[in-house]
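J.: As a plain string of letters, each chain reads:
Protein chains: 2
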Amino acid sequence: MRRIAARTLLLLAACSAAGQNATDPLPSWNDGGPKQAILRFVKNVTAEGSATFVPKEERIATFDNDGTLWVEQPIYTQFAFMLDRLRVLAPQHPEWRTQQPFQAILTGGAEALLAGGERGLMQVGMATHAGMTTKEFESIVSEWMRTAQHPRFHRPYTQCVYQPMLELLAHLRANGFKTYIVSGGGVEFMRPWTEKTYGIPPEQIIGSSIKTQYEMRSGEPVLMRLPEMDFIDDKGGKPVGINEFIGRRPIAAFGNSDGDQQMLEWTAAGSGSRLMLLVHHTDATREYAYDRKSHIGRLDKALDEAIARSWIVVDMKRDWKTIFPEASVRGSEQ
Amino acid sequence: MRRIAARTLLLLAACSAAGQNATDPLPSWNDGGPKQAILRFVKNVTAEGSATFVPKEERIATFDNDGTLWVEQPIYTQFAFMLDRLRVLAPQHPEWRTQQPFQAILTGGAEALLAGGERGLMQVGMATHAGMTTKEFESIVSEWMRTAQHPRFHRPYTQCVYQPMLELLAHLRANGFKTYIVSGGGVEFMRPWTEKTYGIPPEQIIGSSIKTQYEMRSGEPVLMRLPEMDFIDDKGGKPVGINEFIGRRPIAAFGNSDGDQQMLEWTAAGSGSRLMLLVHHTDATREYAYDRKSHIGRLDKALDEAIARSWIVVDMKRDWKTIFPEASVRGSEQ
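In the order they appear, the protein sequences are chains A and B. For this note's numbering, count along the first sequence from 1 and bump the result up by 1302. For this note's numbering, count along the second sequence from 1 and bump the result up by 1302.
Certain hints may be false.
One copy or two, it doesn't matter: identical chains are merged, so the pair holds either way.
Taking lysine-lysine pairs in the DSSO-like style, the calculated list, with each CA pair at most 30 Å apart, reads [claimed, not checked]:
1) K1437 <-> K1595
2) K1498 <-> K1513
3) K1345 <-> K1513
4) K1345 <-> K1437
5) K1358 <-> K1437
6) K1537 <-> K1513
7) K1603 <-> K1437
8) K1513 <-> K1619
9) K1437 <-> K1513
10) K1537 <-> K1358
11) K1498 <-> K1619
12) K1345 <-> K1498
13) K1498 <-> K1358
14) K1437 <-> K1537
15) K1603 <-> K1623
16) K1623 <-> K1595
17) K1619 <-> K1358
18) K1619 <-> K1537
19) K1595 <-> K1619
20) K1603 <-> K1358
21) K1437 <-> K1498
22) K1513 <-> K1595
23) K1537 <-> K1498
I should point out that these hints are in silico values taken from the structure, not numbers from a laboratory.
The whole structure should be built from the sequences, with the hints applied where relevant.
T.: Here it is in structure tokens:
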């Protein structure tokens, strides 16, 4: 009898563990405030007949990309792309051997790029991102993404994405949410790989953009990428982009830096159920630790506002069981 | 025996008629080339395993609005809105009594507005469309749409939509298409009513836009509409807008004027199954008849290209059984 009871208990425990695994949509999140708040929010907005219910078509969730969905240190991935691209193009531009900021960046790399400030970045950005058709640029980005590796994690950048956030994206979509990226990064730098990596289709990617122009090239219509900024999707630009592209206010917004503050404010200012969340990079061992003083992804004023307004602040070290997807699993998907 | 046979035949005929009605997704289209081409195209792209099959996520269809989905004569609906709005605002602008183009338009109406050319239109556009928050503008448009009537058809503008095109939109969506509007009209002039009228949600409306700016107003974040053009979604701007907002090339595009020519070219230039269609306004009795010489919705070069490239040209008079939805039916939905 005792033996039977023990086996029954074991069986029950096993079932319960299996049940928990099977039903936990966020297995890479440690139990705690952020995980509970996310699960509660999703439950509330999908509870038909309740005061917290939100109709499916209004379940819009917007995610920053750099530092929120994937690594942004030691420099934004798009900056790494710029540097590589500059080196590829250099042989065709002998003038860069003496011309600034090109000469400095070609010899000094990332540090020189960051030292060149806004103006230098813009010059290098235009030299590497304009002057080709949208189709050509898509091929360039796709090829680079296939071959480039993160300098510290030695894996493709598309595998330097946060496993807990992938689970969060999937959980929201499973509950009728439309998930969007709203990033300061270039929209055409993201679209070639976001569907495969995040499950977010091109039409749900909002980002910074340069102007394009419709032209006929030997009877074939093309869109030429011009060396002129069109839209900067950062800070106050994020609500502007959200309004322009989506035309609805999100009910959930996810970011990690001061560049996301206005997106979270805009989301918070709507009526009904709301979720505002910041990822705080606190894990120098498994990823990076930075906030108020970082040049990349500074989190300062937004952190103060998050604390003052009780927005969710994810402590990466405490709240995330794992950081990245298992390389083999992701690798096989690429 | 003969009586039974006759009854059987009658019964069969009735069943057949009922069956035809039940399965004809385009009942307001007369049988003929355009209807057959549409039905064939939809069948082809949804035939799994066939060479003409297109995966669901790539089934993007883009529709012009003015003259393609709703009436654009005697003037674009948004121009009628501008004129009404100008009259509403006039008491607050005593300077308009002498200032041009305002004085001329306030006394001369639509003709004076059109006579003022691009520059006059822009001035009146900014005076009526900017200087308020996006939320305030949405209320202004919604209220106007609720009360304004078309001068000839004496019904709300949202009932001056084409019944055959409503059926086409529904048929495409029933077959996995994502339907978009890509219009020269203002995006925020359309979004308040397009979901109810066409079943197209705000995030699938692409249009012309003015700049907006994120501001705090007594602690509340707002988007202020600035008197400055941001994007003109017409002619070559249509492929630009499609690329910027959707990031995929449509496989079907629908227009009615030279402003849609580049959108149809861009669509046609993709590989695989394609459908390009122009609505030709040929019915002065039931709607309007105009093409090469019209100031509104001119169809000249695009008509030549459509004929040369065998795009579908809908002859409104010949191909459409009905033009507008039954007023009572639409009315009850409003």
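J.: Look at each hint and say if it fits the structure.
T.: Hints, verified against the model:
For the identical chains of this complex, K1437 and K1595 are neighbours neither inside a copy (38 Å) nor across copies (36 Å), given an alpha-carbon limit of 30 Å. Proximity of K1498 to K1513 under the C-alpha cut-off of 30 Å is restricted to the intra-copy arrangement: shortest distance 26 Å within a copy versus 33 Å between copies. For a Cα distance limit of 30 Å, the shortest separation of K1345 from K1513 qualifies neither inside one copy, at 42 Å, nor across copies, at 37 Å. In this assembly of identical chains, the alpha carbons of K1345 and K1437 lie at most 30 Å apart only when taken from different copies (29 Å versus 42 Å within one copy).
Taking the shortest Cα distances, K1358 and K1437 sit within 30 Å of each other only across copies (21 Å), while inside one copy they are farther apart (34 Å). Proximity of K1537 to K1513 under the C-alpha cut-off of 30 Å is found in both arrangements, the shortest distances being 20 Å within a copy and 16 Å between copies. When the C-alpha separation of K1603 and K1437 is checked against a cutoff of 30 Å, the pair qualifies only between copies, where the shortest distance is 27 Å, while the shortest distance within a copy is 39 Å. In this homomeric assembly, K1513 and K1619 never come within 30 Å of each other (Cα to Cα): the closest approach is 40 Å inside a single copy and 41 Å across copies.
Both within a single protomer and between protomers do K1437 and K1513 lie at most 30 Å apart by alpha-carbon distance, with minima of 15 Å and 28 Å respectively. Taking the shortest Cα distances, K1537 and K1358 sit within 30 Å of each other inside one copy (27 Å), while across copies they are farther apart (35 Å). Only within a single protomer do K1498 and K1619 lie at most 30 Å apart by alpha-carbon distance; the minimum there is 27 Å, versus 47 Å between protomers. Taking the shortest Cα distances, K1345 and K1498 sit within 30 Å of each other both inside one copy (27 Å) and across copies (28 Å).
Taking identical chains as interchangeable, the C-alpha atoms of K1498 and K1358 lie at most 30 Å apart whether they share a chain (24 Å) or sit on different chains (16 Å). Taking the shortest alpha-carbon separations for K1437 and K1537, both the intra-copy value of 29 Å and the inter-copy value of 20 Å come in at or below 30 Å. Taking the closest pair of Cα atoms, K1603 and K1623 come within 30 Å of each other only inside a single copy of the chain (27 Å); across copies the shortest separation is 62 Å, beyond that limit. Taking identical chains as interchangeable, the C-alpha atoms of K1623 and K1595 lie at most 30 Å apart only when both belong to the same chain, with a minimum of 26 Å there against 68 Å between chains.
Taking the shortest alpha-carbon separations for K1619 and K1358, neither the intra-copy value of 33 Å nor the inter-copy value of 40 Å comes in at or below 30 Å. In this homomeric assembly, K1619 and K1537 come within 30 Å of each other (Cα to Cα) only inside a single copy, at 26 Å, whereas the closest approach across copies is 52 Å. Proximity of K1595 to K1619 under the C-alpha cut-off of 30 Å is restricted to the intra-copy arrangement: shortest distance 19 Å within a copy versus 68 Å between copies. With identical chains, the CA atoms of K1603 and K1358 are never at most 30 Å apart, being 32 Å at best within one copy and 43 Å at best between copies.
Taking CA atoms no more than 30 Å apart as the test, K1437 paired with K1498 passes inside one copy only; the shortest distance there is 18 Å, against 36 Å between copies. For the homomeric pair K1513 and K1595, neither the shortest alpha-carbon distance inside one copy (33 Å) nor that between copies (32 Å) is at most 30 Å. With identical chains, the CA atoms of K1537 and K1498 are at most 30 Å apart within one copy only, with a shortest distance of 27 Å there and 32 Å across copies.
Going down the numbered hints, you'll see the structure goes against 1, 3, 8, 17, 20, 22, while the others check out.
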